[in-house]
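Residue numbers (my numbering), protein chains in the order written: chain A, 1 to 292; chain B, 1 to 478.
It is worth saying that the hints were derived from the structure and are not from the lab. Using N, Cα and C, we set each Cβ at its ideal position, and we do this for glycine too. Check before you lean on any hint, since a few could be wrong.
Below 27 Å or equal to it, Euclidean Cα-Cα: the simulated DSS-like pairs (lysine-lysine) are [to be verified]:
#1 K26(A) with K77(B)
#2 K26(A) with K138(B)
#3 K26(A) with K17(B)
#4 K22(A) with K29(B)
Computed footprint of chain A on chain B, listed as stretches where at least three residues anywhere in the stretch have a Cβ under 8 Å from a Cβ of chain A [stated by the list, open to error]:
#5 6-13
#6 270-282
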Amino acid sequence: MNLRSPSTDAVMLESRAASFAKRSIKTASKRAAIDLAIRCIDLTTLEGRDTPGRVRTLCAKAIAPGEDAPSVAAVCVYPNLVEVAKAALHGTTIAVASVATAFPSGLSSLAVRLADTRAALDAGADEIDMVIDRGAFLTGDEARVAHEIAAVKSACGAIHLKVILETGELGSYDAIRRASDLALENGADFIKTSTGKIGTSATLPTALVMCEAIRDFERRTGERRGLKIAGGVRTTKSAIAYLVLVAETLGEAWLDPALFRIGASALLDDLLMQRQSGRTGRYASVDYFPKD
Amino acid sequence: MSLLTYAPALESTAPAKIADRYDLFIGGKWTPAASGATFPTIDPATERVIAQVARGEERDIDRAVTAARTAYDKYWKAMRPAERAKYIYRIARAITERSRELAIVETIDGGKPIKESRDFDVPQAAAHFFYYAGWADKLAWALRAGRTPAALGVVGAIVPWNFPLLMAAWKIAPALACGNTIVLKPAETTPLTALLLAQIIEEADLPPGVVNVVTGDGATGAALVAHSDVDKIAFTGSTEVGKIIQRTIAGTDKSVTLELGGKAANIVFADAPLDQAVEGVVNGIYFNQGHVCCAGSRLLVQENVHDAVVERLRERIATLRLGNPLDKNTDIGAINSREQHAKILELIASGVAEGAMLVQAPGAIPEKGYWIPPSFFTGVSPSLRIAREEIFGPVLSIMTFRTADEAIEKANNTPYGLSAGVWTDKGAKSMYVAQRLRAGVVWCNTFNQFDPSSPFGGYRESGFGREGGVAGLAAYLA
């Protein structure tokens, strides 16, 4: 890739990132933020023990999370469960996203990773969440990373491609910025922070670096690309901090499931609880909220 | 409601009980000014009178200095240093305990955003007391071997209105740790937190007269400077007043430290992390509405990234939220006083008249109170007033340079020398530039970082003497 990526410095990046969490979002703004966060969720289950029953339960929750709460954006599953999710969500606007490309490590041949992608697409996936080969990236083989992203995008065609950078494995903000630029330049519709399978998932500074890459990409090309944060976002408070970050860095146009997603499972329960307490002024016992 | 509108998130003012009038704190007692005179202190965000405050004059200063001298001779001089430390720790703890109240009062009296008084002013003030409390019984290690530390006696401290509580802490904490007693004269427009600090000191049960607070105006400060029984003057404020102080004490044996104005350069090289540099520039000039002596008020940007930086800056200042300082989401509060507001407007007008291009953040300005939106000038040549004079407001002057040596020359081309910033990805270049800047503090790839353990102070017309750290003790030891 000929594009030079700008450097990033940790001190002011982290200081700016921390400022988003200090915004005090109250009353009407908080209600709007909670509903927006729900609409942006990719409700996710990515466990070795996932079963059709588990996925159907999740889909039911995705459609009607509770009371009159809005539906989530998508349900995210492994390729083998795409058909089940597709059937359960039939007739709704909720998308089925599938991880692919030898998730979560990506350490298989390109042929296997493309076959994995095609299987998910054939099963009816509306969105593909691919992983980059961090090994290749860290050995400096950017060309390979770029080629693989482009190849997966080519297989996806019009289907939305989210490129998972697994930022917790990249080692520096400069590397995160570089990987973001690589993904955006090679066809990513979204760049996504993490698989959720390692200790370090999304953080505010990481999301900020990625937003800067998306903002600069728009300046360069006029095209808007999306951000997905995943892993570790469990509370309403932290979800709102990400909404503030996106709004203040990319603008309000990005506060839309078409351009912003949160990959989560437990978060939805906290959002629903906060949503209800915002209305009633009281917190109900967790047992008033159905477990999925 | 759109998320970005951010519904009001007002800090409750309930914890802050502000009285209708405040007396002077002299010799451990609250006492009106000898003349009975008072002056109003005003909330600059609403122009409302908050309270009436005693206007001290020469007679009151004399009483306060006498009380400080008595306290010095009677209690403080002979007290074991470890005992002194206990009092200072007690003050530090009380500041922490009353932090919300102090933050609210600081914001109401001075106009700064509650976010800043809560997260910067008050915690830093407490940190200074904690830090210097620890030094009280270790002063022998602050000096070169063989010298015995000794207090100076009575310190007259005069502090400005931009960080009222913090500047009082910067003076009182090291002065007490070194065994001096103090007469503090707070700024006329922001006396309240110093008076709350006097309450804290009273409750901490310090011997009467060790700390005295005499509120008033410039004449009150002048009387303190001129008083024959004051051993040392510690002043933070304008270069103009600093010069008057120097003239006043010429020929006396008073010692003095002065922390004065600045016109700091923030130097952004093309290889800098530009987004982070813009954050530093924003913090450097818009923090506390630019009422900061070390503000990065001149931006020197390498010519080949000028447009990119200006574009980012223009976008960034549009996200700054100006308004009620008590709202937790406010980034830009009120200008401290009517006088300062007029001064800033006059300098902005001069920049426009002299041909520089003014850019201001969009957005409504409240009807009451004193406000200036975040502003910057492009096309500034070094000869313009906005490039030379300290504006002390949220107004940045942007100039360009081509090489590192040109940047250094331009940065040093000012009578001031308080602070500077260098933004580059190359460590060697930071060091090369930092070594050649005539400034007391140089921040590399950051700005406005403070810590009690780090000395702060100026070169040339920015003053002399250091505050903070081990170096800060020297200013209060004989």
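Exercise for the section: Identify every previously stated hint that the structure contradicts and give their numbers, smallest first. Expected result: 1, 2, 4
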